[in-house]
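S.K.: These protein sequence lines are chains A and B, in that order. Start counting the first sequence at -14; every next residue gets the next number (our numbering). Start counting the second sequence at -14; every next residue gets the next number (our numbering).
There may be inaccurate statements among the hints.
Copies of the same chain are indistinguishable here, so a pair counts whether it falls within one copy or spans any two.
Said to hold, decoys possible - Below are the BS3-like pairs computed for lysine-lysine, each with C-alpha atoms no more than 30 Å apart in a straight line: (1) K282 / K82; (2) K191 / K30; (3) K97 / K82; (4) K97 / K30; (5) K231 / K191; (6) K191 / K248; (7) K282 / K191; (8) K282 / K142; (9) K97 / K282; (10) K97 / K231; (11) K248 / K231; (12) K248 / K97.
Quick caveat, the hints were computed from the structure, so don't treat them as lab data. None of the values given here were measured: they were computed from a predicted structure.
2 protein chains.
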Amino acid sequence: MAVYTDITDQELEAFLEGYDLGAPLAFKGIAEGVENSNFLLETEKGRYILTVYERRVKAEDLPYFLNMLTWLADRGYPSARPIPTRSGATLSSLRGKPAAIVEFLPGLSVRKPTAAHCREAGEGLAWLHLAGEGYPGRRANDLGQAAWSPLFSKHRKAAEDLKPGLSATIDNDLAQLSLMWPRNLPTGTIHADYFPDNVFFQSNGKFAAAIDFYFACDDAYAYDVAVTLNAWCFEADGSFNITAAKALLNGYERRRPLSPIEKEALPILARGAAMRFFLTRLADWGSTPAGALVRPKDPLEYERKLAVHREGLVLFA
Amino acid sequence: MAVYTDITDQELEAFLEGYDLGAPLAFKGIAEGVENSNFLLETEKGRYILTVYERRVKAEDLPYFLNMLTWLADRGYPSARPIPTRSGATLSSLRGKPAAIVEFLPGLSVRKPTAAHCREAGEGLAWLHLAGEGYPGRRANDLGQAAWSPLFSKHRKAAEDLKPGLSATIDNDLAQLSLMWPRNLPTGTIHADYFPDNVFFQSNGKFAAAIDFYFACDDAYAYDVAVTLNAWCFEADGSFNITAAKALLNGYERRRPLSPIEKEALPILARGAAMRFFLTRLADWGSTPAGALVRPKDPLEYERKLAVHREGLVLFA
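Full structure from sequences and hints, please.
M.R.: Following this line, the structure appears as structure tokens:
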């Protein structure tokens, strides 16, 4: 849950004067997204999500994200279209923080995706990759492979505290990833955080929408697939569900067939993707004060995924 | 903000099978109410609030509250109508906890009510008192005057910790309240927690709805007015805004004129109402562990209101 910024009715009214949305009819803080404050806003014109950008999202990156959402919506992709102010800007500010209004998207996220959900999610991801083609915005992946060793060097002690001996294992992983990391894959605009809580389904189980694009960047499409495999296809007991993974890849390839080099790269990409989430969770774990309002996610969940990938996945027989 | 219970998509679907509301289209935890978990639920039939009842609300009291909401809605009062299950029950259960679905009510609560808001709120309260007449449900006010001394005896030390010497002042207040408490006032079903965050306004500033009836009980109507005066008519600096108070009473009397004995009783009722909220905040303050997710409200805010009422209000010249 996340509502870090408290907006009064007077602040809301003043903010909405900048938009052509009519008067507010309802306004409720919602428990969605962990990085920003989100509000359900209903006005005379329709329903929207108002986001106040808090920590981690850099203000200078916001035009990249908001322009991407407009680009995707213009191409029919079901992401939330940003609503421009009267002066045509999609980025505004509220309480001195960056803020934006986007369309409300119906749909429900699923907690325990089935193979059928994975197939739909995979197709939605490929659709996103195709819809994003030609988007002129550029943003390097600041959590990409080159960032991992420097990031780990700052949190080595936290890793040892979690599990004695872990830092040597991670060092070894990082060396192998550096050596084996593929650099010749098709790249483009990727979501980079396509987790189940960022994907909505219709009540009939069909893909409905993707949200929370605030890690989007330029990187290999197949890396986005690898992040998604890690996020959707592990069981609670840490085992990898190959049926779900094949369904996800099958759904993806309905829209965008993977090339042979992408398929070959997937196991190492999945290992790297597990490293990326292990490292950022480790960093959050170490830097979260005891008793903080937001409980950090368990880094060891991704350490276990790393261990599975160390063995090497066989995704394509 | 309050979402204590995490509901998965599968749990939601199973729960909704008990209702004739169609498939779920959207479901979001919302930051509303501090005692229960609330979710915005959109289905094929419309928009609703799903409440999972957590601490403080007694399960055996829920039929009283839900039947009251049905009673009020049947009489045209703008409170949220409970939605019955297929078998006709308004009370259901989810994750082993009591749960109910009620209509979604549009409207916005105001943070800093103006005198105009106070007038509207006062009228809405009188409307509630009239609409509740004849409701057959009975519930004693377990936070009424008789409960205050026993409650304070358990939290005397917390009062001294907050402000040395405070416990003797409160003892004196309690003795005076016991002596002067009026017992011959018109009584009926009251809201008992009619605070600004429990009242919605339309965008034109008109009263829209009242929510959160989970302190409702049988007590003097004028006591409900006194609770409301305390909640709406104090400035942030602790001063009592007599203009706002007169507007509130004026709005109330548009619908239900106060009798001479009710008017005469208001100052002592307001002092007692300040005591009631001081005491429950004191109890929450003492029993909340350091680092808890919910920050208790400041008891001293109501201690300052008590001090104002100790001087005696002149509401009717």
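S.K.: Hint by hint, note whether the structure agrees.
M.R.: Now the hints, each set against the structure:
{"no.": "1", "hint": "K282 / K82", "in the structure": "both (26 Å within a copy, 26 Å between copies)"}
{"no.": "2", "hint": "K191 / K30", "in the structure": "both (27 Å within a copy, 20 Å between copies)"}
{"no.": "3", "hint": "K97 / K82", "in the structure": "between (35 Å within a copy, 22 Å between copies)"}
{"no.": "4", "hint": "K97 / K30", "in the structure": "between (35 Å within a copy, 26 Å between copies)"}
{"no.": "5", "hint": "K231 / K191", "in the structure": "within (17 Å within a copy, 57 Å between copies)"}
{"no.": "6", "hint": "K191 / K248", "in the structure": "within (25 Å within a copy, 61 Å between copies)"}
{"no.": "7", "hint": "K282 / K191", "in the structure": "within (28 Å within a copy, 44 Å between copies)"}
{"no.": "8", "hint": "K282 / K142", "in the structure": "within (18 Å within a copy, 39 Å between copies)"}
{"no.": "9", "hint": "K97 / K282", "in the structure": "within (17 Å within a copy, 37 Å between copies)"}
{"no.": "10", "hint": "K97 / K231", "in the structure": "within (17 Å within a copy, 56 Å between copies)"}
{"no.": "11", "hint": "K248 / K231", "in the structure": "within (12 Å within a copy, 74 Å between copies)"}
{"no.": "12", "hint": "K248 / K97", "in the structure": "within (26 Å within a copy, 59 Å between copies)"}
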